[in-house]
Amino acid sequence: MSEVLSRMPLWHTFFSFSGRINRRRFFFSNLVVSFLLVVAAGVTEYLIKYGAARFAGQTGVVLALQVAVFAAIGVLILASLALAAKRLHDMGHSALHLIWIYLLFAAAEVLRGFLPLPAMLLGLVAAAAQLALYIARGEDGPNAHGLPRIPSRAA
Numbered sequence: 001m002s003e004v005l006s007r008m009p010l011w012h013t014f015f016s017f018s019g020r021i022n023r024r025r026f027f028f029s030n031l032v033v034s035f036l037l038v039v040a041a042g043v044t045e046y047l048i049k050y051g052a053a054r055f056a057g058q059t060g061v062v063l064a065l066q067v068a069v070f071a072a073i074g075v076l077i078l079a080s081l082a083l084a085a086k087r088l089h090d091m092g093h094s095a096l097h098l099i100w101i102y103l104l105f106a107a108a109e110v111l112r113g114f115l116p117l118p119a120m121l122l123g124l125v126a127a128a129a130q131l132a133l134y135i136a137r138g139e140d141g142p143n144a145h146g147l148p149r150i151p152s153r154a155a
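Once you know that position 125 of the sequence shown is 125 in my numbering, the rest is easy, because the numbers rise by one and skip nothing.
The hints are simulated quantities; they were obtained by calculation from the structure and are not laboratory data. Heads up, a few of these hints could be off.
Now the in silico label distances, taken between C-beta atoms and shown as ranges [as the list claims (entries may be wrong)]:
| id | residue 1 | residue 2 | range |
| --- | --- | --- | --- |
| 1 | VAL38 | HIS97 | 22 to 30 Å |
| 2 | PRO142 | MET120 | 13 to 21 Å |
| 3 | GLY92 | PHE35 | 25 to 33 Å |
| 4 | LEU96 | PRO142 | 39 to 47 Å |
| 5 | ALA128 | LEU96 | 12 to 20 Å |
| 6 | GLY146 | THR59 | 17 to 25 Å |
| 7 | GLN58 | LEU115 | 41 to 49 Å |
| 8 | LEU10 | MET120 | 33 to 41 Å |
| 9 | ALA128 | PHE17 | 31 to 39 Å |
Every residue gets a Cβ at the ideal spot worked out from N, C-alpha and C, and that includes glycine.
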């Protein structure tokens, strides 16, 4: 099994939008990305609250650190999208489905303030679609997006 898992380099797992990943790899890879996003959010919070006092008179340092953290957050969001795309591929779907999933999340957020019930329903549909990435089985055997990450147990 480790031979099969080692076929996809780490950079490909996080930054390529081609290929397939199974539920386990998707879960643990997203766990890493989520942890790093929490760390980046904590660093951002620290810089906003204490950056000016900690680096008094060094505005350029605080700005450079904030830009670096925001760039890291952008890279992590890209990694999250690449993981979701590969998971959709494993299920036999196009990565273009990510567009409607994230548009539902965005619409729910926009509507939240003045139409709470439709916003909640849109958010639930989007969350269900996101949850499906974690629980739905991938296609057995090769599909249009390549070979499965781990051979089926029947083979």
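Hint by hint, here is what the structure shows:
Range check, VAL38 to HIS97: Cβ separation about 26 Å, and the 22 to 30 Å hint holds. Checking the proposed 13 to 21 Å range against PRO142 and MET120 shows it is violated: the Cβ atoms sit about 40 Å from each other. A C-beta distance of roughly 29 Å is found between GLY92 and PHE35, which places it inside the suggested range of 25 to 33 Å. The beta-carbon spacing between LEU96 and PRO142, approximately 20 Å, falls outside the hinted interval of 39 to 47 Å.
Evaluation of the 12 to 20 Å hint for ALA128 and LEU96 yields a pass: the beta carbon distance comes to about 18 Å. Against the hinted window of 17 to 25 Å, the Cβ-Cβ separation of GLY146 and THR59 comes to about 49 Å, which falls outside the hint. Checked against the given bound of 41 to 49 Å, the beta carbons of GLN58 and LEU115, roughly 46 Å apart, stay inside it. Checked against the hint of 33 to 41 Å, the C-beta distance between LEU10 and MET120 comes to roughly 38 Å, which is consistent with it.
Our hint of 31 to 39 Å for ALA128 and PHE17 is violated, since their Cβ atoms are close to 23 Å apart.
Of the numbered hints stated above, those contradicted by the structure are hints 2, 4, 6, 9, listed in ascending order.
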